[in-house]
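S.K.: Residue numbers (this note's numbering), protein chains in the order written: chain A, 40 to 464; chain B, 21 to 370.
All the pointers check out, no bait thrown in.
To give an idea of the interface, some chain A residues facing chain B are shown, with a C-beta separation under 8 Å as derived from the structure:
id, residue
1, Ser115
2, Ala142
3, Ala425
In case anyone wonders, no lab produced these hints; they're calculated from the structure.
Note that the coordinates shown come from a computational prediction; the quantities given were computed from them, not determined experimentally.
Where a beta carbon is used, it is the ideal one built from N, C-alpha and C, also for glycine.
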Amino acid sequence: MRSASRWAAVAATAALVLALGAGAAMAQGTEITFWVMPNAADVIHVPWLDQKVEEFYRETGIRVRYEVIGWDQAWSRISTALITGEGVDVFQAGTTWNPQFAATGAVAEIDIDKFGGADAFMEANLISTTYKGKHYGVPWFAETRALFYNKDMFAAAGVEPPQTYEELVQVGKRITEVFGEGSAVAIAGTNAWDLIHNWAIILWAYGGDLVDAQARRATFNGPEGVQAMEYYVDLVRLGLASKATAEYNQPQADAAFINGNVAMAFMGPWNIADIEVENPSLNYGVVEPPAGPAGRAAFSGGSNLVILGASPNQAAAEEWIRFLLRHENLVSYTRDLSKMLPAKIDAFNDPYYETGVWQVFRRGLSYATAYPPLGVWGDIENAIVAEFRNILTAYVEGSLERQGGVKAFLNRAAQRVDEALARER
Amino acid sequence: MPPDGSARPGVASKRTGPLGAPPATTAQAQGTAQPQAAFQTRGALYKFRRFLIRTGPAYLFILPAVSAMLLVHYIPMAGGILVAFKDINLFTVSRWYDAPWVGFANFVQGLDPGGFLGGRFWRALWNVSFFGAVTITAGYVIGMAVALLLNREFPGRTLVRGIILLPYITPDSVAYSVWRFIFQARIGLVNMWLMKLGIIDEPVIWLVGSNAIYAVMLAAIWKGWPFAALVLQAGLQTIPRELYESAMIDGASRWQRFRYITLPMLAPVTRILILVSILWNYNAFNQFYVMLGKDPGPAADVPSTLILRETFNTFNFGVGSAMSVVLMGVMLVLTMVYLRALRAAERGQA
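Chain B with its partners taken away, still in its complex shape (with noise of 0.2 Å):
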């Protein structure tokens, strides 16, 4: 570029200010220089109303839902994490307030591995991690058969998709309540069935020691398929006829088109149900407060029934705390792999 300035027009338009106003004069540059300063100071006050007047009413409008959230949902989790800091027992729960701090002491008695409570704990968690590993599969498994025969015309349909919903929306409490009775030694049907075929010829205790989990998983998968089905079904319904209509045209065989349509059509679906099936596993309750009790047994226990039992019935409410903060720890630390991973997984396939 000459020095003297006299360069052509066309490359002195590049080089103009940061707004990219036209190519000018000197004359005309020298008028404008100043309003054009002014006019940038008055950009970003403009900018920031526009932003007001544009995006204000949006968070004008959550702000109902978002303080509410902060009230029910953020401000009891802070609590909830301060009170495993603090010494919260029998003796101090009635002004907790007052209750001295210990450090992490309350995470050390509920996590230590060769304690009482730090065994249990780390047992219940990787009993849940079990059951929901099971669970999940089975429920995806059958709920995803369940969804493409589904997806065909027959008379009745309708009905159908109503009906296989009843486990799912049938109360936690009665559904678990009735499956302890099937799974009781002396009078359940699970053992009466097996007996009259000849599987086993005195009654297997089901509900008590190492059998526990197996029975309570099969319950929780007849409560929980119905859902995957529906999720997936939704799915289904969004997948383009055409997609397989050129396949069968290109000559895909049946598996091929459900390998290569179905299930990555269904990926966005999959992920979050598989999510949210993750996250409920770790808060699973009912179905073994139900059917097992207080006390499942370490066999059989799970961080939810270990953490009521622990705070509810001996006020340790600082060592319950501690261990709640580390479950919700282990749920997001889950949640961001498992995200991570389905992203990484994308990206590898495109």
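The shape of chain A in the complex, shown without the other chains (with noise of 0.2 Å):
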């Protein structure tokens, strides 16, 4: 008993020194660590990214270690590379969250003249990169929300897809007819970390805005965000979305339009692997967001390539940010696996594009709105969402009218939103 632990002991230790000495061997090449969402189900994932980080080390001698983060987790593990700098060279990061990472000094300027100047990305996409004028980061991928709907759920009613929101509530009155209170629209709720990008667009489509053009105040409090925020509580209201919306967050929202329980639901492109691999059958149509009194109005998100500022293989991480974006992977990333659209426009000119629902997803894009590039984003963000939030817990529980409408949550929102702003530097 004894003797066997001794040898568990030293065999503990042989293997140790066995990878410690690997580990020396290896570090004589040059080795970057990538950080990446899960963009596409890791079955095909793992084995496109496996593949081409064997392809970037044949050309440059380059490995590159990728570890898969949820998005959940991610900006916690980003944070802390941040603060700490280590752990991470290159990392995915949704454009909103660019110019926070940016605002801390962590993260590597970039020349965007090495990665074909400002000319060859979309510029919603490149603006999210900036912060007072400089990029910190190289766009990946782009993505806007649109309005999917279930052709076999909008025949049996006998309506077509809404051009306005107005109309929208319209289909929406005559599906609940049909299949019942809450089978019109799935929406997000309480849990959605991303309920105000649904909301931004009505906002912008009702002439709206979520701050004033300097970035000094807010505006959303105004009589088109009440008007906006009325119409969003209005879907639950008519009994277009199901009350139990509120306790959503966006992947429950989505999976009852993919289930085809619900006829209508905003989703991105990403969603289309979903459906592909949820439920195939699924006869559904893409149309591009209503218009509302001000036009139409998209959402513009997506994904950067950022470099740690205190990384030592900066020329390396360039490398391999380049090799991402050369044409060929751009558009096999996108078009095979994440179903998002290229934020570089040779790539996004490929003919796949011109086809099927993607030209739907093409002119969302060409009108679609980033939010302005601050540091203070997340707390105006958090702001927003806190009280979105409280309005539609005030509303299922039957308390909004009595705390003063909806009217009184935004003001809230909108001084917590002024006091972050003049925190921006």
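Since each chain sits alone in its own frame, please combine them into the complex, following the hints.
M.R.: Encoded structure:
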């Protein structure tokens, strides 16, 4: 017994020594760490990455270690890396995150000319990489949300896809007459971190905006903001969306549509991959987001590639980004895996994006808006989303009017946003 | 006492030197006075050496543990307290050691009941106190009942003792995810049964707003009582049978035996159980985060979720640390008050 444990200890020590030796041997070639979000299902994502990493190694001698990190953990992992200056060389960042990371001063400034110049990228995505006029990331892929509808349910109710927000309500009422309460539209509720993206497009279509052009004051609590928020609440109030929506996060809302239970949903191109896996027989179509009194509006999102400022391998990191952005790699990654849209114009001009639903996303992206690139954007988003949640909560509890209606909540959010904007340096 | 010093030996012996040396004749005393003083200083040294030899190794042995604790507990804690006095935010976080000192500004922002964050903080503290009051009490009562039942002899007792631990050993993330599904408005079992039984007409939304904390409470009680049962069972086994036997001979009823033997004998175990439950309660996080998400809303927010959001989502580490320091202070005070109250109660009983 005793000698067995001694042997185990010896074996463990030996293994440790071997591992250390191996580590030292590998450190001789350049090695970089890449954090990527689950942009596609692991079964197709991991083999693709493995293959490309190998290809890159053969080409450059640089070894890339990648790690797939969920969106929910990515923020804290990246924050830790920014503070400690360790752990990663290149990472994927959501477009709305990029300016905040830049404001910390811990990510590398990018010379965009090394990546094909500013004109090579979609404008909204390029803006998202900027902070105070300098670039701190390289656009990777773009996305925008559009209106998905269930063709079978629409046919059964005898309706056509809505062109305006008013029409959406009319169409929704007809659908609920046929399929019952809550069957018209799937929306996210208090558990959705991206709640604001879905509301912003309604706000813009009603002629409002989140903050003024100089980013000094909140403007979403004006009449347009109240109207847009009332519209969102109305979707539940009128029975178009289920009251249970209040507890949904975005994937739950998406699932209600993908399962074929609900006739409409605002979703992104990545959901096409979900449909292909979860319910390939779903007979659906995609149309542009409806128009409001001020026309159509869409949200420009996506992801950028960012280099850690403290990384000792800046050149290798840049090399890897250029490799990922190479026409064939970018098209293959977006078309075959993530179902996002390439943020580089030459890849976006690939004939594939002239076909089918991609034309819709293409048109949407042509007028899509990005949030202003502010360091304090996170505070702003949190303030708005927190009050948005409170509005939905108050509505399902029946206390919305007693608490002063949506206006009171929006005013409170606006006050916090003004405080945040004052902190922007 | 006569001043000439010719006292009776018996009395004089009480007045001799501090070491209580036996009474001596004058001659003897003169002869030994010098060595006696030397013996005293040597005695202190000797004592110190004896102390080193006897207890020194003990200090040596706890040194690794103490240094590890210093390294992983106390130094980071001191760091956290320092951070609470610095303006560490998005713009200063990557060079946080250079961040300006701001005195108590973070505490004001995080604790001012009139401000947004302060309002949320005190509400969260109230929420978690209420949550603890209900879950700890319920957990104790259920745990006690089960422990008493399992203290009887019956076939398969060991198996049952193992089985009741299942909720406790289920990982939090798994158990609370399942409870989240159970409480979901549209597909959840709770609403399904309440509707079938005709108690409600339309689905209740449990996980949003003021209902949410009750949903979490139920799940937390389900998850927490086996631990109380386990600890109390161990305590029950230490109570000598003779006490019950003699009480029965004296004609004590079942309730009297519980009230005057079981409860007092379990007091030390109960004290520790309640203490750790209170401490764990103020750190409650998993149940709220898994069942309700990052932001459970003002009516169900707890300090841990609030601090996590305010600290890590927006890099406002200064304010987050200030709130954490206050939370730690609240827990220390509560622990002290609790222990003192118990000691006073024990003295009152004795």
